[in-house]
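Residue numbers (the numbering used here), protein chains in the order written: chain R, 1 to 443; chain B, 1 to 80.
No lab work stands behind these hints: they were computed from the structure. Some hints could be false.
[Said to hold, decoys possible] Under the rule of at most 30 Å between Cα atoms (straight-line distance), these lysine-lysine pairs were calculated in the DSS-like manner:
#1 R:K380 - R:K399
#2 R:K380 - R:K428
#3 R:K355 - R:K333
#4 B:K4 - R:K417
#5 R:K380 - B:K2
#6 R:K355 - R:K152
#7 R:K136 - R:K205
#8 R:K380 - B:K4
#9 R:K405 - R:K138
#10 R:K355 - R:K406
#11 R:K380 - R:K417
#12 B:K4 - R:K406
#13 R:K431 - R:K406
#14 B:K2 - R:K405
#15 B:K2 - R:K417
#16 R:K405 - R:K136
#17 R:K138 - R:K396
#18 B:K4 - R:K405
#19 R:K136 - R:K92
#20 R:K431 - R:K396
#21 R:K380 - R:K251
#22 R:K138 - R:K152
#23 R:K152 - R:K205
#24 R:K399 - B:K4
#25 R:K417 - R:K399
#26 R:K251 - B:K2
[Stated by the list, open to error] Here are some of the chain R residues that sit facing chain B, going by a computed Cβ distance under 7 Å:
#27 L222
#28 P245
#29 H252
#30 M384
#31 A422
Backbone N, C-alpha and C define an ideal beta-carbon position, used for all residues, glycine too.
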Amino acid sequence: MNVESLCSAISQLPATENCLLTSSGAVSLTTLRKCAGIFAQNYRLGRGSRIALCGLSPTELIKAIIAFDGKVNAILLLPASMDEITSNELIKSACCTHRLNTLENEPIPILSKIYSDCIEKTNTTWLLATSGTTGKPKLIEHSLATLCRTIKRDPLRGAEFIWGLLYDPCRFAGIQVFLQALLSSSVLSVPDSMDFEAQVVALLKNRVNALSATPSLWRKLLMDGRVAELSLRQITLGGEIADQPILDALKHCFPDARIVHIYASTEAGSVFAINDGFAGFPISLLDGVNAPMPMRIREDGHLLVKPLLLPDGHEISCRIDADGYLDTQDLVKVQGNRVFFLGRASGAINVGGNKVNPEEVENIIREVDGVFDVRVYGKKSSMMGQIVAAEILPAKGIKTELLTKKIQFHCRQVLEKWQIPAFLFFVKEFKESAAGKKERLSI
Amino acid sequence: MKDKIIQVLQEVAADSALPLFANLDENTVLLASGLDSLGFAILVARLEEELGYDPFSLMDEPIYPRTLGEFVAVYERLAP
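With the hints as constraints, model all of the structure from the sequences given.
Structure follows, in structure tokens:
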């Protein structure tokens, strides 16, 4: 069977002058292809190899993916921001045979065992880490086909766009941006790092006209103000719930842009894109009108979707029902002829695209002397989607002012800043749900 | 209103152990004041607790303020 690889896909594209714009200059499609070919030849990794790409710069990562897709058994993509312990655990669980930290040196062999049973396999598995809603990130198995399912390949139209890269290219959303740009002959502006200042500088320097970001990052870009200098023609929002104020603000700032909010996840891939300027999605999609895939709402409010192609693996298979629908674990509600997203069924909190597991934060707060019990939940935020709040049940006779300081200090020592509760409310008891669980509904 | 906002802004900075720009005035650029974008989300949420409204969920002309002066003006304009 002839399976497409990223390298073969781009070799069929018209050779454009520039394909990537980096701080050290422009890279053409021909150069990119040559570079990838040289890497692949030099490294001589066998078909059974499983390679971990760790902390490469965005440009290096794109070159490495083009070099290895279709040539190795699997590619594991690990973001530069991921800590060493988590990276090592994921490399181990993905059974990687090689690790690549930079394109300057050869990949380091980490396991001698090559998987002879998969040597005949011609398509490469892309292993992506979820952003870790349940504590540890999980690996989701994709292929070029599942990642490209909603990529539009229209080189004529694509040639009009200069895309900016604001998402980490190791994550699902970042991969979507660079595949969209590469496969439709658009130019991609690649920052030196994923730092906000470096990103804005690259956007302005390369006169980007198409941009995809989370609603929270869009708010930050609008507050910063410099983004208004760009003549944006395509605006995409994803990764969090897009509310009406951010859609209106973008329309106000960029009246000529096509504004799309997409619903996608690492597990289900891109589900749908909405461009009517309103939050949520039309209920007609549930009836199949212009729907890209069958969707339904379960009795408990979970949105279920049925993509044609689903990633493999245990994590996915245990979330598919008898009819083949995948539980997105997103809660929705119907209001009039519109369906709105409410948040995650697990209670996971989405702070500007960063996922927070409430149990993890509760466990940390419980370590503080004077805390009898704690309930962590997401509080609605017009700026970040949600922020973390906690109800604290103090031990008897404890002064709450001192306890507040102790909790804040302890949280700052061990948690990421977006995990730290912005609100500490002291209560005498928690509300319990019917199942006896602490309620985590967003307030 | 301006004093209230500055007071809450200072509380948020203190709680998050963020060093705040010393001389806050209406020309201070918000993202250069010492608070990051998460800090601003917390500021807006705390002000909602104290004032009872969040202008950023009520805006009819959606504009995200760049300076402290613009931020205060949004709160004054949309006060119930």
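Taking the hints in turn, this is what the structure says about them:
{"no.": "1", "hint": "R:K380 - R:K399", "in the structure": "holds (28 Å)"}
{"no.": "2", "hint": "R:K380 - R:K428", "in the structure": "holds (23 Å)"}
{"no.": "3", "hint": "R:K355 - R:K333", "in the structure": "holds (21 Å)"}
{"no.": "4", "hint": "B:K4 - R:K417", "in the structure": "holds (25 Å)"}
{"no.": "5", "hint": "R:K380 - B:K2", "in the structure": "holds (24 Å)"}
{"no.": "6", "hint": "R:K355 - R:K152", "in the structure": "holds (29 Å)"}
{"no.": "7", "hint": "R:K136 - R:K205", "in the structure": "violated (37 Å)"}
{"no.": "8", "hint": "R:K380 - B:K4", "in the structure": "holds (22 Å)"}
{"no.": "9", "hint": "R:K405 - R:K138", "in the structure": "violated (34 Å)"}
{"no.": "10", "hint": "R:K355 - R:K406", "in the structure": "holds (24 Å)"}
{"no.": "11", "hint": "R:K380 - R:K417", "in the structure": "holds (17 Å)"}
{"no.": "12", "hint": "B:K4 - R:K406", "in the structure": "holds (26 Å)"}
{"no.": "13", "hint": "R:K431 - R:K406", "in the structure": "holds (25 Å)"}
{"no.": "14", "hint": "B:K2 - R:K405", "in the structure": "holds (27 Å)"}
{"no.": "15", "hint": "B:K2 - R:K417", "in the structure": "holds (27 Å)"}
{"no.": "16", "hint": "R:K405 - R:K136", "in the structure": "holds (28 Å)"}
{"no.": "17", "hint": "R:K138 - R:K396", "in the structure": "violated (40 Å)"}
{"no.": "18", "hint": "B:K4 - R:K405", "in the structure": "holds (22 Å)"}
{"no.": "19", "hint": "R:K136 - R:K92", "in the structure": "holds (14 Å)"}
{"no.": "20", "hint": "R:K431 - R:K396", "in the structure": "holds (19 Å)"}
{"no.": "21", "hint": "R:K380 - R:K251", "in the structure": "holds (23 Å)"}
{"no.": "22", "hint": "R:K138 - R:K152", "in the structure": "holds (28 Å)"}
{"no.": "23", "hint": "R:K152 - R:K205", "in the structure": "holds (26 Å)"}
{"no.": "24", "hint": "R:K399 - B:K4", "in the structure": "holds (26 Å)"}
{"no.": "25", "hint": "R:K417 - R:K399", "in the structure": "holds (25 Å)"}
{"no.": "26", "hint": "R:K251 - B:K2", "in the structure": "holds (29 Å)"}
{"no.": "27", "hint": "L222", "in the structure": "holds (4 Å)"}
{"no.": "28", "hint": "P245", "in the structure": "holds (5 Å)"}
{"no.": "29", "hint": "H252", "in the structure": "holds (6 Å)"}
{"no.": "30", "hint": "M384", "in the structure": "holds (4 Å)"}
{"no.": "31", "hint": "A422", "in the structure": "holds (4 Å)"}
Hint violations for this structure: numbers 7, 9 and 17, all remaining hints satisfied.
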